Amino acid sequence: MAHTGGVLGSPGSSEKTDKSDQINQNISSIPTGPEGSVSIALTGSGGSGVMTAGQMLLDASAGAGYQGMMTRSLGPQIRGGEAAAFLRLSAHEVTCPGDGIDILISFDWASTERFSAEIDLGPDSLVLFDPAAGDAPEMILNTGAQLIDLPFKEMIAEIEGGRPNMLALGVVAGLIGLPEDAVLAIVEKALKRKGPKALEASSAGIRAGFGASAAMPATYRLGVGEKAGSRWNISGNEAVGLGALRGGIRFVAAYPITPATEILEWLAPNLEHLGGELVQAEDELASINMAIGGSFGGIPTLTATSGPGLALMLESIGLSVASETPVVVVNVQRGGPSTGIPTKSEQSDLNIALFGLHGDAPHIVTAANSVSDCAFTAQWSVYLAEATQSPAIVLTDQLMGQTRAVVDEPADSGHVAARETAPAGLKDYRRYAVTESGISPMAIPGTAGGEYVADGLEHSPIGRPSSQAEDHLAQLEKRQRKLNQFDYENHWADIEGDGDTAVITWGSCTGPVREACARARAAGIGVRMISLRLLAPMQTGKFNKAMKGVKRALVVEQSHSQQFYRYIRAYFDLPSKVQVCAKPGPLPVRPAEIFEQLKKWS
Amino acid sequence: MQAQDIAKPPVAQAPVALSPKDYKSDYKPIWCPGCGDYSVLSSITRALSELGIRRENAAVISGIGCSSRIPAYTSLYGFHGVHGRALALATGLKLARPELTVLVTGGDGDGFSIGGNHFLHACRRNADLTYVVMDNQVYGMTKGQASPTTASQWEGSKLTPHGTGVSPFQPMAVALAAGANFLARGISSDPKGVAQLIVDAIRHPGFSFVQVLSQCVTYRPEQQEWRTIARPSQKEPTSNIARAGRRILDDDGFTTGVFYVGNRPAYVPPGETDKTMAGIERRFAV
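Chains as they are written, first to last, in the numbering used here: chain A, 147 to 748; chain B, 3 to 288.
Hints may be right or wrong, so weigh each one.
In silico lysine-lysine, DSS-like type, Cα no more than 27 Å apart, as pairs [to be verified]:
| hint | chain 1 | residue 1 | chain 2 | residue 2 |
| --- | --- | --- | --- | --- |
| 1 | A | K573 | B | K26 |
| 2 | B | K277 | A | K573 |
| 3 | A | K335 | A | K299 |
| 4 | B | K277 | A | K338 |
| 5 | B | K145 | B | K30 |
If you are wondering where the hints come from, they were derived from the structure by calculation, not from laboratory data.
These numbers come from a predicted model, not from an experiment.
Next comes chain B alone, as it looks inside the complex (with noise of 0.2 Å):
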């Protein structure tokens, strides 16, 4: 036996015909009632459902946050890792083993700000991942303050009560910038339709970035009006990269659908077995 088979597992490839249901665990999230991540778990388990994919081979990778409690109230295989790095974990996961659907969650704070190299270089990168992003533009597992994609003028937190006085960040249009293949935005008041953005996000090779709208009840009530201002794209998902981004730089941020299909091939390990241990170590001797 080879060292590298030791801890590898067969993995059967077959759908399977489970409900959304089957997808979630039992442990109840630590989320305020009316907090929009319970709606993207129900899309995530729709989704999953939808492709039937077998439990056992997909992951959900996340980091720290309130959205990146989302493995735990799945019943996939998962890691909650530390705050800002779920992109690179996800990435070794897939890289080591890619015959897993491998989905990263989180938030804003998570993903532009501690973890925004990571955003960047997976991007870039194009690795088969499916990153849905839970943007509520607030920090609120530390109770309410300013993220990277909170309003400059924004006065709700103690930590910048002036605003933060720095642009927001835009995550669609760095994400098309540094290389992402699949460029998607719902709102969390719209499940269905976000069940179907994973999907689609799922089926698209290479790395495919979704942002989800989902509104923070408690720190921020006001975006419950978020569900009257969004509406759907009325425009096809392009793959020219000048178009998506004069569609993305024009919108206000609250245009749902694809916005970006790209045809790059997704980033994979490179070929197989040539040689032996044996032929390797021959290299050394005198």
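So here's chain A without its partners, still in its complex pose (with noise of 0.2 Å):
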């Protein structure tokens, strides 16, 4: 066993090969990390090649058939600052990231402490560098992780053209028991176009690291993986795009911005593949209003956006409400207000999403409460808001956004948009006739007989301007009910476990109470997770139902004025013991921190 907060010798050149053969052997006898998982961060500078050498390593480790995921932390920077890989691999489902890190490799100091925040370290944990780059600084040394210095480049440069970032990959490959075939297959997939050389050069590297983990001790283990077939490797925002595509998005207008980016980008030759299309907008009022253009012409549209750019689209958004086109609008929050943390995450849009809109403005706010979800959810919310002919605004974050996650995969749920259509030859059409439903049937252009008027003026049945009171009435009670009435089925919220014990949640707070809840359980402790993924309309009903015998509830959130504590607490009498697990971002909520109210609480 290492030495707790010294400084390991770097591994000779011998024996090297031998030893990694026989850990990857006798793997399944050596013990797996915390709750059968390994968690890694790879610090360096920006174009270091940690992003590369962290996704390589994910895919390797799909290719293994291991689940997992990768989460990204940058600096402001365009090009180069600095840049953090996070991942955790393990044999079973992840949905957040772990407790701590088990595994750091920093190529160099200054960039590492730049997430120190984001780092947690223990005396277990590893940390691996490179002696060139200095001593270790405080933040490390203060954690009594057990240091090793790995000289990168003395070693690479025994290489010709090899790069660090390989031979770290080597290294983690070698120390969680990565087979080296799998890591040098993804390698050679990734470097096919690059020429032979340049894969040699990273073949090489990645040979040497294994090598040169053989020497270390042994930590943390991957298990067997278990998986073999029907898995995927996603990112939030990818799935974001592909739930869009299913339900029946054909035409998005959006404007770039972090961290929703990606979902454009991914959107943008796949909508064409399908016979739809992706426009650049010059702004987000533009592309707000262009995807209301679109939907009033028949087709089911999307915009994606972050903080700033839905704040520019709310008028819109209520423009959306009054004429009843529906549209969806997906939210990857980030760091606020203002220009904020664009390229890291928080869950403080909540308000502004549930009401930022002017006038009584009924519309509908969902949440996807981890990577694979935001398949599911992004296709709820487009039948959702051509169902209900209104604006949907879903709401992701940056966390799960830009999150890569090996994960099963997600089914496609058959929600399709299915807007309810006037047919041709009407006589007398009433556009916004008033129906029990609320919901009336709209005139698509091109339909002889349907011609109206959509309007964000309040109006008459027929869709004349009015500023009647009864008019006014009419449709505002029309709108409510519309979304009032909507039967959501079972996918208001996602319900796990019993017990007297609630822990009550959103978004991607979800993926650590979900394992702060697994632990709890497994230990014992009976709980309740209650996850919402219909923010609006609140289901005050059906939230009561799932509350009920609960004695003591836990509100987990990441935003800094309790935003979602305060919005659940105005529509539902919670038990006089409550607790709130509130922070803002960029810290990520840890699965220990929930665990451990819950313990106390036991």
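Hints are included, so try docking the two chains, each in its own frame, into the full complex.
Right under this line is the structure:
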């Protein structure tokens, strides 16, 4: 075992290969990391290749039968600056970053220090670093982590065209017990186009890394990969795009913004493949209006943005409400207010999504609660928007949006845009007829007899502008009724477990909550999780039913002003014993802190 | 059935014989007696009649302001959206439904002030839209404030009692520089002339801009003199951008007619389906 806080010698060059083989053969006898997973951080300057190495490590793990996820954290620089890849790998499904980092590979201390708040190290953690980078800083030494010096630069200098990130990839892969073949196969796939020379240099680096790992302390190794088929390698942003297409979105207008841009980059070619189209608009005011215009034309449409863009779109989302023209608005949350922290996650756009529209403007707000749920929630939201002829704001965040995960294939839920339209040849068509369900058949341009004017002005049932109290009340009630009466089935929330303690959460906090609840149940503590997918309209009756018998509630969210807690408080009578775990981004909510609270209550 | 086909009706294209009146609704405009916009509304319906466009295949899109009320006064599909965003709304509709004829109507404040950025980019993008701006150099609906095209020394508004001190916006010059494909100016006192400009504008591919001097009798009564100042251009329309630019910049803003007919192809949506959903999904598989 390594010396805590000390520096282990760098591995010698002999015997490396033999030992690594031995480790791979005996993989099942070596204990796995906490909760059966291993958490790894790779930090370096932008361009040092930590993201590439992290991506390849995830892909290699996937190829070897594992599941896992990789989140990215970046400085604000366009190129360069600091970069960190955080991975959590496991033989089982993982839904959130772990409690801390088991293995840190630091390419340089300056970059690493910029992520100090995001890297939780402990005495059991391994820190690999290049001694040429100087002595470890206090933030590392104070954690008591085991330090292992690994002369990346010196070792890589012996390989022509070799890069330190490939060496690091080999070292980590060897440490956690990934088969060398699985890693080499991924590298070959990724570098095929760069020619045999580049491939050989990278492969040599990886082999050297595997060799070096053999002499290192046996710490956290993955168990045996158990999954063989039907796993996907997908990011939350891609999953949103996929769900949108599955739901029937065929027109997208949007303006680039971090961290939502990958949704658009994924959708642009794939919409085209299906005969649809993406337009890059001049700003968010145009994006939302183009989307509404396309939807008026009968095509299911979407725009995607982040906080500042959502703020710009609000007036026109109100137009979607008033004119009853469906549109889906995806908001990938980042730190706010104002420009805030564009590259890092937060759940602080809840208030603006719920309450940002002027006037009494009922609309749908949904939230995805994991990377793969991004696909379901987006697909379902398309269906909801189209069926209710309303705007649906879909909340995700930077953490799940830019996390790439190896997960079970997200199933197609079958929800498809099905707008109630008016047939041709109508006489005396009333676009905004006051119906029992609140939903009125919508005439699509090209339909003879259906000609009407969609209007942001309050209107009479035939769509003429009206300032009469009677029309206003009738239309207000119609628009509210259609959302209140709609059947959201059991998709409004994920409810898991039983017991008189409830953890109530939403969005990407669901990952750590889910894991903490599983730990609590394993420790004999009865706990139920309620993760809300439908935030508006609030399902008061269903929530009260789900909360039946609950004596203690823990509310978990990632905002400074407890936006979620205040919102549910406004709608429900929570039990008298309530704890709120609300902290701002970019610090992730850890399963351990939730589990600690549950233990205290048990 | 593919999801994208669900809400898209089959569209008949054969022209129809309808009178201008058939394109009007029975809804009474909110405009003041003598407003130039009555005449522009008639020019629009006359143009549609001449082109034989089926009512269900045309849409009039607008923002906010006196002239933006036009959609409700037609018997067409229409969208009366938020202030300044008519061009964006219309662009979305046209790109999603290229087979429709899409007209955009509005005023100088809606189009050049709050909607100025969309004006620039609509000209650049060159989608096949016809944009008719009723320019009366004043905000009428909010009761008489200076607009982007108001002369800098106009002291008629309580908001700018010493004049705006700001150079007026030059819509034609800006549109030409930004890439509009058809530029024309008309005056509401000549409804037949304006109707012909709109016919030409609809027929011309790409983004067509028609500025119509449309007097506000309430806040700019002096504009009733416009009919005596305006005169038709004696020159043939040009497709030479430099020549068009010179004509526009040398003009006092009262010459009517077609100034520029460009030959840029209209912006059209990209190609056709070549993959299935299953083909797209396969790429995620480990």
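Numbers of the earlier hints that this structure fails to satisfy, in rising order: 2
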